[in-house]
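Taken in order, these protein sequences are the chains called Z and U. Residue 1 is where the first sequence starts when you use our numbering, and the numbers rise one by one after that. Residue 1 is where the second sequence starts when you use our numbering, and the numbers rise one by one after that.
In case anyone wonders, no lab produced these hints; they're calculated from the structure. Computed from a predicted structure; not experimentally measured. Each hint should be verified, as a subset may be incorrect.
Unchecked claim - Label-pair distances were calculated between CB atoms; the ranges are: (1) U:Ser-16 <-> Z:Pro-14: 39 to 49 Å; (2) Z:Ala-20 <-> U:Pro-53: 38 to 48 Å; (3) Z:Ala-101 <-> U:Asp-31: 25 to 35 Å.
All C-beta atoms, glycine included, are put in the ideal place defined by N, C-alpha and C.
Number of protein chains: 2
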Amino acid sequence: MTKVVGCELCELAPSSKVVANDKFAVILVDDANYPGFARVTWNEHVREMSDLPDADRLLVNDAVWKVEQALREVMQPLKVNLASLGNVVPHLHWHLIPRFADDAHFPAPVWASAARETDPAVLEGRRALLPQLKQAIERKFANR
Amino acid sequence: MTKVVGCELCELAPSSKVVANDKFAVILVDDANYPGFARVTWNEHVREMSDLPDADRLLVNDAVWKVEQALREVMQPLKVNLASLGNVVPHLHWHLIPRFADDAHFPAPVWASAARETDPAVLEGRRALLPQLKQAIERKFANR
């Protein structure tokens, strides 16, 4: 597999992965404002979704869809945000972000200026769901 | 089909659509900084990708993928950004944004604070590609 030196997604630590197989990984991002922020990262250093062969593209879509389901089941967000940007790290990856009316940016995207601080107790309550989220994600991929 | 009064995507004007069928539409967004900014909007007022039956989810993915291909062929962006957010309008839609190193926000997402003004002549050159982009998108969906 082609590895690009200096690409942080080519060099993703195995310990950070909730799910890992020969094609992609699922990780939970440690973001203080967004407990449950997850990423699906393609293993190979591929730039765009349309650079993937059809079967692989469908595999990515399926992975994103499974993680979205796990996020909804456990975190019960008001909305899920999905994005594949890659302007800074042009190695295919998807952001999945559970959004709430009281989160730091709602209703703006998380990349806009922050609108508020979320009650720390509320954030703590969401963080407490992470072990359950990790298990839910693992279950979604257990039948592959 | 369920229509939600006041939802701008339930009430999308037919004239704005580059592609329209019984399931979804493709539109080109009139954004001064981002010629080629496109959206795939689901016709039905559905909130999340994971609310769709499998066949419809794959139809959305296929539509996004086709529009991405057309964007790359005609606009030749440095990167394509894909996002389904829906915090403001919780009616399923995908943003497809061709990104360039000299665009207003690069490498930040387009929802961050602007970093610069793009040379008006460069933006004009990109806008001049829109008729060709429209045709390329139409061709991608011509065989359905």
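Starting from the range 25 to 35 Å, see whether the pair Z:Ala-101 and U:Asp-31 falls in it by beta-carbon distance. Check passed, 27 Å falls within 25 to 35 Å.
Does the hinted range 38 to 48 Å hold for Z:Ala-20 and U:Pro-53 at CB? Roughly 29 Å apart at Cβ, these two residues miss the hinted range, so it is violated.
When you take the CB atoms of U:Ser-16 and Z:Pro-14, is the distance between them in 39 to 49 Å? holds, 47 Å
Checked against the numbered hints given earlier, the structure breaks only hint 2 and satisfies all the rest.
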